[in-house]
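Peer 1: Build out the structure end to end from the sequences listed, making use of the hints.
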Amino acid sequence: MEKLFFRNDYSEGACQPALDVICAVNMERNIGYGEDGHSERAKDMIRSLCACPEATVEFFIGGTNVNAVAIAALLRPWEGVISPESGHINGHESGAVESYGHKILAVKTGADGKLLPEQIPPIMDYHQDTHLVKPRLVYISNATERGAVYTKGELTALYDMCVANDLLLFIDGARLAVALASPVNDLTFADMAALSHAFTIGGTKNGMLMGEALVIPAGLSELFRIKKQRGGVLAKGFLLGAQFEVLMANDAALYLENARTANDCAQALQTGLQTLGIPLLNLSPTNQIFPIVPNAWLEPLRSFVEYEIWEPLDNSRTAIRFVCSFASSIDKVETLLEKLSKL
29 MEKLFFRNDY SEGACQPALD VICAVNMERN IGYGEDGHSE RAKDMIRSLC
79 ACPEATVEFF IGGTNVNAVA IAALLRPWEG VISPESGHIN GHESGAVESY
129 GHKILAVKTG ADGKLLPEQI PPIMDYHQDT HLVKPRLVYI SNATERGAVY
179 TKGELTALYD MCVANDLLLF IDGARLAVAL ASPVNDLTFA DMAALSHAFT
229 IGGTKNGMLM GEALVIPAGL SELFRIKKQR GGVLAKGFLL GAQFEVLMAN
279 DAALYLENAR TANDCAQALQ TGLQTLGIPL LNLSPTNQIF PIVPNAWLEP
329 LRSFVEYEIW EPLDNSRTAI RFVCSFASSI DKVETLLEKL SKL
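Counted the way the working numbering counts, the sequence shown spans residues 29 to 371.
No lab work stands behind these hints: they were computed from the structure.
For every residue, glycine included, the Cβ atom is placed at its ideal position computed from N, Cα and C.
Mixed in with the good hints, there may be bad ones.
[To be verified] In silico DSSO-like pairs for lysine-lysine, Cα to Cα no more than 27 angstroms straight-line:
hint, residue 1, residue 2
1, Lys370, Lys360
2, Lys31, Lys360
3, Lys31, Lys264
4, Lys162, Lys131
5, Lys180, Lys136
6, Lys162, Lys136
7, Lys256, Lys131
8, Lys367, Lys31
[Stated by the list, open to error] With beta-carbon atoms standing in for the labels, derived distance ranges:
hint, residue 1, residue 2, range
9, Trp106, Ala263, 30 to 36 angstroms
10, Phe332, Gly119, 26 to 32 angstroms
11, Pro328, Lys136, 30 to 36 angstroms
Peer 2: Pasting the structure below:
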(Lines of atoms letter the chains of each structure in order from A and count residues from 1; the text may use other names and numbers.)
(Lines give C-alpha, C1' and ligand atoms only; values in the text may rest on other atoms or scores of the structure.)
Protein backbone atom coordinates (compact mmCIF):
# COMPACT_ATOMS: atom_id res chain seq x y z
CA MET A 1 0.00 0.00 0.00
CA GLU A 2 1.17 3.54 -0.78
CA LYS A 3 2.73 5.29 2.21
CA LEU A 4 0.48 7.91 3.82
CA PHE A 5 1.67 11.50 3.58
CA PHE A 6 0.98 13.96 6.40
CA ARG A 7 4.32 15.78 6.42
CA ASN A 8 3.34 19.19 5.00
CA ASP A 9 0.79 21.11 2.93
CA TYR A 10 2.92 21.87 -0.13
CA SER A 11 3.92 18.47 -1.49
CA GLU A 12 1.13 18.18 -4.06
CA GLY A 13 1.50 20.36 -7.14
CA ALA A 14 -1.73 22.34 -7.33
CA CYS A 15 -5.48 22.04 -7.03
CA GLN A 16 -7.14 21.29 -10.36
CA PRO A 17 -8.54 24.82 -11.04
CA ALA A 18 -5.08 26.35 -10.47
CA LEU A 19 -3.50 23.77 -12.75
CA ASP A 20 -6.22 24.31 -15.36
CA VAL A 21 -5.65 28.06 -15.50
CA ILE A 22 -1.90 27.61 -15.92
CA CYS A 23 -2.61 25.39 -18.94
CA ALA A 24 -5.19 27.88 -20.23
CA VAL A 25 -2.80 30.85 -20.17
CA ASN A 26 0.23 28.82 -21.27
CA MET A 27 0.35 30.19 -24.84
CA GLU A 28 -1.35 33.55 -24.32
CA ARG A 29 1.80 35.66 -24.74
CA ASN A 30 1.21 37.87 -21.71
CA ILE A 31 3.25 40.92 -20.76
CA GLY A 32 5.97 39.96 -18.28
CA TYR A 33 6.95 40.88 -14.71
CA GLY A 34 3.39 40.91 -13.36
CA GLU A 35 2.13 43.68 -15.62
CA ASP A 36 -0.38 41.39 -17.34
CA GLY A 37 -4.16 41.50 -17.15
CA HIS A 38 -4.47 38.41 -14.97
CA SER A 39 -2.19 39.91 -12.31
CA GLU A 40 -3.97 43.27 -12.41
CA ARG A 41 -7.38 41.64 -12.02
CA ALA A 42 -6.13 39.46 -9.16
CA LYS A 43 -4.66 42.50 -7.40
CA ASP A 44 -7.96 44.35 -7.75
CA MET A 45 -9.79 41.34 -6.27
CA ILE A 46 -7.46 41.41 -3.28
CA ARG A 47 -7.89 45.18 -2.84
CA SER A 48 -11.66 44.71 -2.93
CA LEU A 49 -11.59 41.87 -0.39
CA CYS A 50 -9.42 44.02 1.87
CA ALA A 51 -11.67 47.09 1.39
CA CYS A 52 -8.42 48.89 0.64
CA PRO A 53 -8.43 50.37 -2.90
CA GLU A 54 -5.10 52.18 -2.41
CA ALA A 55 -3.17 49.11 -1.25
CA THR A 56 0.06 48.09 -2.94
CA VAL A 57 -0.15 44.40 -3.90
CA GLU A 58 2.78 42.41 -5.28
CA PHE A 59 3.10 38.70 -6.06
CA PHE A 60 6.12 36.59 -5.06
CA ILE A 61 7.09 32.98 -5.67
CA GLY A 62 7.67 31.85 -2.07
CA GLY A 63 7.34 32.73 1.58
CA THR A 64 10.97 33.33 2.54
CA ASN A 65 11.44 35.74 -0.35
CA VAL A 66 8.32 37.76 0.40
CA ASN A 67 9.07 37.94 4.15
CA ALA A 68 12.65 39.09 3.65
CA VAL A 69 11.78 41.61 0.92
CA ALA A 70 8.82 43.05 2.83
CA ILE A 71 10.85 43.55 5.99
CA ALA A 72 13.75 45.09 4.05
CA ALA A 73 11.30 47.45 2.34
CA LEU A 74 9.70 48.57 5.58
CA LEU A 75 12.83 49.08 7.70
CA ARG A 76 15.95 51.24 7.79
CA PRO A 77 19.31 49.44 8.18
CA TRP A 78 19.60 49.96 11.94
CA GLU A 79 16.08 48.75 12.72
CA GLY A 80 15.18 45.29 14.00
CA VAL A 81 12.26 42.85 14.12
CA ILE A 82 10.44 41.58 17.21
CA SER A 83 9.36 37.99 16.48
CA PRO A 84 8.06 34.99 18.37
CA GLU A 85 10.89 32.53 18.94
CA SER A 86 8.91 30.00 16.88
CA GLY A 87 8.33 32.52 14.06
CA HIS A 88 9.18 31.28 10.59
CA ILE A 89 11.69 34.09 9.96
CA ASN A 90 13.54 33.11 13.12
CA GLY A 91 13.73 29.35 12.74
CA HIS A 92 13.19 28.31 9.14
CA GLU A 93 14.59 30.91 6.75
CA SER A 94 18.37 30.49 6.98
CA GLY A 95 18.95 34.02 8.22
CA ALA A 96 17.22 35.63 5.21
CA VAL A 97 16.05 38.65 7.21
CA GLU A 98 19.42 39.01 8.94
CA SER A 99 21.21 38.81 5.59
CA TYR A 100 19.53 42.11 4.69
CA GLY A 101 20.90 43.66 7.90
CA HIS A 102 17.95 43.42 10.27
CA LYS A 103 18.42 41.76 13.64
CA ILE A 104 15.61 39.50 14.87
CA LEU A 105 14.69 40.02 18.52
CA ALA A 106 13.14 36.67 19.45
CA VAL A 107 10.50 36.37 22.18
CA LYS A 108 9.60 33.11 23.92
CA THR A 109 5.84 32.52 23.68
CA GLY A 110 3.32 30.08 25.04
CA ALA A 111 2.51 26.72 23.46
CA ASP A 112 0.26 28.35 20.84
CA GLY A 113 3.06 30.53 19.42
CA LYS A 114 1.10 33.78 19.82
CA LEU A 115 2.93 37.01 20.62
CA LEU A 116 1.21 39.05 23.36
CA PRO A 117 1.10 42.88 23.58
CA GLU A 118 2.62 42.87 27.07
CA GLN A 119 5.74 41.16 25.72
CA ILE A 120 6.66 44.20 23.60
CA PRO A 121 7.39 47.01 26.14
CA PRO A 122 10.28 45.19 27.88
CA ILE A 123 12.05 44.84 24.53
CA MET A 124 11.46 48.51 23.75
CA ASP A 125 12.78 49.53 27.17
CA TYR A 126 15.92 47.43 26.85
CA HIS A 127 16.75 48.86 23.41
CA GLN A 128 16.64 52.54 24.39
CA ASP A 129 20.44 52.63 24.22
CA THR A 130 21.42 54.03 20.81
CA HIS A 131 24.27 51.54 20.63
CA LEU A 132 21.64 48.81 20.20
CA VAL A 133 19.44 47.97 17.24
CA LYS A 134 16.13 49.87 17.30
CA PRO A 135 12.99 47.70 17.41
CA ARG A 136 10.72 48.93 14.63
CA LEU A 137 8.64 46.05 13.34
CA VAL A 138 6.64 43.26 14.98
CA TYR A 139 6.35 40.00 13.05
CA ILE A 140 3.65 37.40 13.70
CA SER A 141 2.15 34.49 11.74
CA ASN A 142 -1.56 33.77 11.30
CA ALA A 143 -2.01 30.86 11.62
CA THR A 144 1.00 30.54 13.94
CA GLU A 145 3.69 27.90 13.57
CA ARG A 146 1.73 25.92 16.17
CA GLY A 147 -1.53 26.15 14.20
CA ALA A 148 -3.18 28.78 16.43
CA VAL A 149 -5.43 31.56 15.13
CA TYR A 150 -5.41 35.17 16.33
CA THR A 151 -8.84 36.53 17.25
CA LYS A 152 -9.91 40.00 16.20
CA GLY A 153 -9.57 41.14 19.81
CA GLU A 154 -6.04 39.77 20.09
CA LEU A 155 -4.95 41.29 16.79
CA THR A 156 -6.52 44.65 17.69
CA ALA A 157 -4.67 44.72 21.02
CA LEU A 158 -1.38 43.88 19.31
CA TYR A 159 -1.91 46.46 16.56
CA ASP A 160 -2.83 49.16 19.11
CA MET A 161 0.32 48.36 21.09
CA CYS A 162 2.41 48.68 17.92
CA VAL A 163 0.85 52.02 16.96
CA ALA A 164 1.34 53.37 20.48
CA ASN A 165 5.03 52.46 20.32
CA ASP A 166 5.70 53.60 16.74
CA LEU A 167 6.08 50.02 15.55
CA LEU A 168 4.95 48.41 12.31
CA LEU A 169 2.94 45.16 12.42
CA PHE A 170 3.70 42.60 9.72
CA ILE A 171 1.61 39.41 9.49
CA ASP A 172 3.02 36.35 7.75
CA GLY A 173 0.00 34.78 6.06
CA ALA A 174 1.66 31.72 4.55
CA ARG A 175 -1.20 29.79 6.19
CA LEU A 176 -3.69 32.66 6.31
CA ALA A 177 -6.24 30.53 4.44
CA VAL A 178 -6.55 27.90 7.18
CA ALA A 179 -6.75 30.69 9.79
CA LEU A 180 -9.61 32.47 8.01
CA ALA A 181 -11.39 29.16 7.31
CA SER A 182 -11.10 27.96 10.91
CA PRO A 183 -14.32 27.73 12.99
CA VAL A 184 -12.66 29.83 15.72
CA ASN A 185 -11.79 32.69 13.34
CA ASP A 186 -13.60 36.04 13.53
CA LEU A 187 -11.31 38.01 11.18
CA THR A 188 -11.88 39.02 7.55
CA PHE A 189 -9.48 40.11 4.82
CA ALA A 190 -10.62 43.68 5.54
CA ASP A 191 -9.72 43.24 9.22
CA MET A 192 -6.28 42.00 8.24
CA ALA A 193 -5.73 45.18 6.23
CA ALA A 194 -7.12 47.47 8.92
CA LEU A 195 -5.13 45.88 11.74
CA SER A 196 -1.67 45.60 10.14
CA HIS A 197 0.84 47.66 8.20
CA ALA A 198 1.59 44.76 5.84
CA PHE A 199 0.53 41.14 5.49
CA THR A 200 0.83 38.25 3.10
CA ILE A 201 -1.75 35.96 1.54
CA GLY A 202 -0.17 32.55 1.04
CA GLY A 203 -0.99 30.39 -1.96
CA THR A 204 1.87 27.86 -1.97
CA LYS A 205 0.45 26.04 1.08
CA ASN A 206 -3.15 26.30 -0.10
CA GLY A 207 -3.42 24.67 -3.50
CA MET A 208 -1.41 26.96 -5.77
CA LEU A 209 1.59 25.65 -7.67
CA MET A 210 3.49 28.57 -6.14
CA GLY A 211 2.66 32.12 -5.12
CA GLU A 212 2.38 34.58 -2.22
CA ALA A 213 0.74 38.00 -2.27
CA LEU A 214 2.16 40.91 -0.25
CA VAL A 215 -0.41 43.54 0.74
CA ILE A 216 0.65 46.94 2.07
CA PRO A 217 -2.62 48.75 2.89
CA ALA A 218 -1.21 52.30 2.93
CA GLY A 219 0.79 51.67 -0.25
CA LEU A 220 4.54 51.67 -0.90
CA SER A 221 5.58 53.31 -4.16
CA GLU A 222 9.06 51.78 -4.52
CA LEU A 223 8.15 48.21 -3.57
CA PHE A 224 8.65 46.83 -7.08
CA ARG A 225 12.21 48.18 -7.27
CA ILE A 226 13.09 46.57 -3.93
CA LYS A 227 11.42 43.34 -5.04
CA LYS A 228 13.45 43.38 -8.27
CA GLN A 229 16.72 44.11 -6.48
CA ARG A 230 16.14 41.24 -4.05
CA GLY A 231 15.37 38.66 -6.74
CA GLY A 232 11.63 38.52 -6.14
CA VAL A 233 10.36 39.34 -9.63
CA LEU A 234 9.22 36.43 -11.81
CA ALA A 235 9.50 37.26 -15.53
CA LYS A 236 6.49 35.02 -16.23
CA GLY A 237 4.52 36.77 -13.50
CA PHE A 238 1.22 36.00 -15.20
CA LEU A 239 1.58 32.42 -13.86
CA LEU A 240 1.17 33.83 -10.34
CA GLY A 241 -1.52 36.35 -11.26
CA ALA A 242 -3.67 33.81 -13.09
CA GLN A 243 -3.66 31.41 -10.12
CA PHE A 244 -4.58 34.17 -7.65
CA GLU A 245 -7.27 35.31 -10.08
CA VAL A 246 -8.91 31.87 -9.84
CA LEU A 247 -8.50 31.37 -6.09
CA MET A 248 -9.60 34.88 -5.07
CA ALA A 249 -12.66 35.05 -7.36
CA ASN A 250 -16.16 35.16 -5.82
CA ASP A 251 -14.93 36.48 -2.47
CA ALA A 252 -12.03 34.01 -2.32
CA ALA A 253 -14.38 31.04 -2.58
CA LEU A 254 -11.83 28.48 -3.82
CA TYR A 255 -9.12 29.87 -1.53
CA LEU A 256 -11.31 29.22 1.51
CA GLU A 257 -12.70 25.92 0.18
CA ASN A 258 -9.19 24.47 -0.14
CA ALA A 259 -8.43 25.56 3.43
CA ARG A 260 -11.64 24.10 4.83
CA THR A 261 -10.75 20.70 3.34
CA ALA A 262 -7.33 20.84 5.04
CA ASN A 263 -8.83 21.97 8.35
CA ASP A 264 -11.66 19.42 8.36
CA CYS A 265 -9.25 16.53 7.79
CA ALA A 266 -6.85 17.82 10.45
CA GLN A 267 -9.60 18.24 13.01
CA ALA A 268 -10.83 14.70 12.37
CA LEU A 269 -7.25 13.53 12.88
CA GLN A 270 -6.84 15.54 16.10
CA THR A 271 -10.11 14.15 17.51
CA GLY A 272 -9.05 10.63 16.59
CA LEU A 273 -5.68 11.05 18.29
CA GLN A 274 -7.42 12.19 21.47
CA THR A 275 -9.76 9.19 21.30
CA LEU A 276 -6.72 6.91 21.08
CA GLY A 277 -5.27 8.62 24.16
CA ILE A 278 -2.31 10.09 22.31
CA PRO A 279 -1.36 13.41 24.00
CA LEU A 280 -0.95 16.63 22.03
CA LEU A 281 1.64 19.39 22.35
CA ASN A 282 -1.20 21.90 21.97
CA LEU A 283 -4.70 21.92 20.52
CA SER A 284 -4.74 23.34 17.00
CA PRO A 285 -7.89 24.65 15.25
CA THR A 286 -6.21 24.55 11.82
CA ASN A 287 -4.37 22.05 9.60
CA GLN A 288 -1.24 21.36 11.71
CA ILE A 289 -1.52 18.76 14.48
CA PHE A 290 1.20 18.00 17.06
CA PRO A 291 0.96 14.57 18.74
CA ILE A 292 3.42 13.51 21.42
CA VAL A 293 4.68 9.96 20.84
CA PRO A 294 7.14 7.61 22.53
CA ASN A 295 10.54 7.68 20.86
CA ALA A 296 10.13 3.95 20.26
CA TRP A 297 7.35 4.81 17.77
CA LEU A 298 9.44 7.09 15.55
CA GLU A 299 10.87 4.42 13.25
CA PRO A 300 7.74 2.21 13.09
CA LEU A 301 5.74 5.31 12.13
CA ARG A 302 8.01 5.94 9.17
CA SER A 303 7.09 2.56 7.75
CA PHE A 304 3.59 3.78 6.90
CA VAL A 305 3.44 7.59 7.14
CA GLU A 306 5.57 10.60 6.25
CA TYR A 307 5.63 13.11 9.12
CA GLU A 308 7.96 15.70 10.60
CA ILE A 309 9.88 15.65 13.85
CA TRP A 310 8.82 18.83 15.61
CA GLU A 311 10.46 18.91 19.05
CA PRO A 312 12.20 16.32 21.26
CA LEU A 313 10.62 16.71 24.71
CA ASP A 314 12.79 14.41 26.84
CA ASN A 315 14.70 11.14 26.59
CA SER A 316 11.55 9.14 25.93
CA ARG A 317 9.07 11.39 24.09
CA THR A 318 8.99 13.52 20.94
CA ALA A 319 6.42 15.92 19.53
CA ILE A 320 5.83 15.23 15.84
CA ARG A 321 3.78 17.13 13.28
CA PHE A 322 1.02 15.89 11.00
CA VAL A 323 -0.23 18.37 8.37
CA CYS A 324 -3.29 18.15 6.11
CA SER A 325 -3.69 19.92 2.76
CA PHE A 326 -6.29 20.72 0.11
CA ALA A 327 -5.65 17.20 -1.26
CA SER A 328 -6.17 15.35 2.04
CA SER A 329 -9.14 13.07 2.57
CA ILE A 330 -11.05 11.67 5.54
CA ASP A 331 -10.35 8.17 4.19
CA LYS A 332 -6.60 8.73 4.56
CA VAL A 333 -7.11 10.16 8.04
CA GLU A 334 -9.07 7.07 9.09
CA THR A 335 -6.38 4.80 7.66
CA LEU A 336 -3.71 6.67 9.62
CA LEU A 337 -5.70 6.43 12.86
CA GLU A 338 -6.25 2.70 12.32
CA LYS A 339 -2.52 2.11 11.89
CA LEU A 340 -1.72 4.28 14.91
CA SER A 341 -4.14 2.25 17.03
CA LYS A 342 -2.06 -0.88 16.30
CA LEU A 343 1.04 0.74 17.74
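Peer 1: Any hints this thing doesn't respect? Which numbers, in order?
Peer 2: Going through the list in order, the structure violates hint 3 alone and respects the others.
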